[in-house]
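A.B. asks: If you read the protein sequences in the order shown, they are chains C and B. For what it's worth, my numbering labels the leading residue of the first sequence as 861, then goes sequentially. For what it's worth, my numbering labels the leading residue of the second sequence as 635, then goes sequentially.
Do not take every clue at face value.
Said to hold, decoys possible - Under 10 Å between C-beta atoms, here's a sample of chain B residues computed to sit facing chain C:
#1 K639
#2 H643
#3 D646
#4 C650
#5 G652
#6 I655
#7 H658
#8 F659
#9 K662
#10 E671
#11 R677
#12 E688
#13 C691
#14 D693
#15 L694
Said to hold, decoys possible - What the simulated footprint calls covered on chain C by chain B, stretch by stretch (three residues with Cβ under 8 Å from a Cβ of chain B suffice, anywhere in the stretch; the number is not a length):
#16 996-1005
#17 1037-1046
#18 1098-1109
If you are wondering where the hints come from, they were derived from the structure by calculation, not from laboratory data. Glycine included, C-beta positions come from ideal geometry on N, C-alpha and C.
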Amino acid sequence: MSDTEFDVKKYIRAQFFPQMWCPGCGHGTVMGALLRAIHDLGLDNNDVSVISGIGCSSRISGYLDFNTAHTMHGRALPTATGVKLANPNLKVIVPFGDGDSTAIGGNHFIHACRRNIDITAIVMNNRIYGMTGGQYSPMSGCGVKASTAPYGVPDRSFDLMELAKGAGATFVARTTVYHAKEAQNTIKKAIEHKGFSVVEILSMCPTQFGRKNKAGEAPQMMEWYKDNTVPMGSKKLADNPDLIQRGVFVDEVAPEYCETYQENVIDKVMKKG
Amino acid sequence: MAKGKSIEHIIDKSWCKGCGICVHFCPKQVLELNSDEKAVAARPEDCIGCKLCELRCPDLAIQIIVKEGE
């Protein structure tokens, strides 16, 4: 645990600021929560690796002063798996967007969950492809307007918590950018957890999602998360079962991939000589 | 200002993009956007040091320094 005052400049590449995200983009709030969680855990910059894919959210790796890599669209998890297997002592964190994680990288996502490799995946879910022009993603939800769905999205959306749970992730949690302190604490728990952790943080895109869906400016979109999400098991949820649940959905112990790989492959090969 | 506390508001104007999140959610209406659309602490004496603005600022532009007992 860290007992010093949080100084954001210790963790960022300040020469690249102000960052390129639009005014009011929730991704910056997620970045702040991530850095505070790392600070709370007292981790050294050299002990952390941040691997991202492509998209607005994935620009995060460039801003953080850790061991970082900005990889291909949807392929952050394979790269992170390689980094973690090569150096299991690193805390490997993969912040990516809803499209990057569940569409282009959906296959990698389910298999990383299945293997239970000790990586922290942070899904910055703004329900749209912001960078490429506001196309709808698997997380947009039925009826949402997007540049590729002017009459509203006809598809159902994924419930990422159920997806991660079903695929075998051993820590699964959801929070929002409105609940910034909760996000910080959830990320902290996820990094501490041994195994594959998925933290979905509901973020907002005022530029693409907000304008097309008349959701207002950034503060109004943040307010929406305050009004439409509810802690698991709360009385408010019992009264309003349709609200989006926040909290830790799964927190369990299962064999971790780096350890099983060491035991079942590396040790056997070394023994054989 | 809360009793026995000194609170300093450090806002990096070159990083602030004027999204207004800090202004909207400040429980004591301490912050405002100035004519350049940058956040400023217009009523610093009302600040209770909750740091909600710092936690939510997407541009990491706000730092609130709370010193106890001064």
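A.B. asks: Each hint: holds or not?
C.D. replies: Here is what the structure says about each hint:
Evaluation of the K639 of chain B hint against chain C yields a violated restraint, the C-beta minimum of about 15 Å exceeding 10 Å. With a least beta-carbon distance of about 15 Å to chain C, the hint placing H643 of chain B at the interface is violated under the 10 Å criterion. Satisfaction of the interface hint for D646 of chain B is found here, the shortest Cβ-Cβ separation to chain C being roughly 8 Å, below the 10 Å cut-off. Taken as an interface hint, C650 of chain B checks out: its beta carbon lies about 8 Å from the nearest beta carbon of chain C, inside 10 Å.
Look at G652 of chain B: its Cβ gets to within about 6 Å of chain C, closer than 10 Å, so that hint holds up. Interface restraint check for I655 of chain B: the shortest CB-CB distance to chain C comes to about 5 Å, inside 10 Å, so the restraint holds. Annotation: interface hint on H658 of chain B holds; nearest CB of chain C at approximately 4 Å, less than 10 Å. Among the interface hints, the one on F659 of chain B holds; its C-beta lies about 7 Å from the nearest C-beta in chain C, closer than the 10 Å criterion.
Among the interface hints, the one on K662 of chain B is violated; its C-beta lies about 16 Å from the nearest C-beta in chain C, farther than the 10 Å criterion. Interface hint at E671 of chain B: satisfied, since its Cβ lies 9 Å from the closest Cβ of chain C, which is below the 10 Å cut-off. A least Cβ separation of about 19 Å between R677 of chain B and chain C goes past the 10 Å threshold, and the interface hint is therefore violated. Annotation: interface hint on E688 of chain B holds; nearest CB of chain C at approximately 8 Å, less than 10 Å.
Interface restraint check: C691 of chain B against chain C, minimum CB-CB distance 7 Å, threshold 10 Å, status holds. Residue-level restraint check for D693 of chain B holds (minimum Cβ-Cβ distance to chain C is 6 Å; threshold 10 Å). At about 5 Å, the closest approach between the beta carbon of L694 of chain B and any beta carbon in chain C falls short of 10 Å, and the interface hint on this residue holds. Taking a C-beta to C-beta cut-off of 8 Å, the region 996-1005 of chain C contributes 0 residues in contact with chain B, too few for the three needed, and the coverage statement is violated.
A stretch counts as covered by a chain when three or more of its residues have a beta carbon under 8 Å from one of that chain; for the region 1037-1046 of chain C and chain B the count is 5, and the coverage holds. Coverage of the region 1098-1109 of chain C by chain B is violated [criterion: at least 3 residues with CB-CB distance below 8 Å; count 0].
Checked against the numbered hints given earlier, this structure breaks hints 1, 2, 9, 11, 16 and 18; the rest are met.
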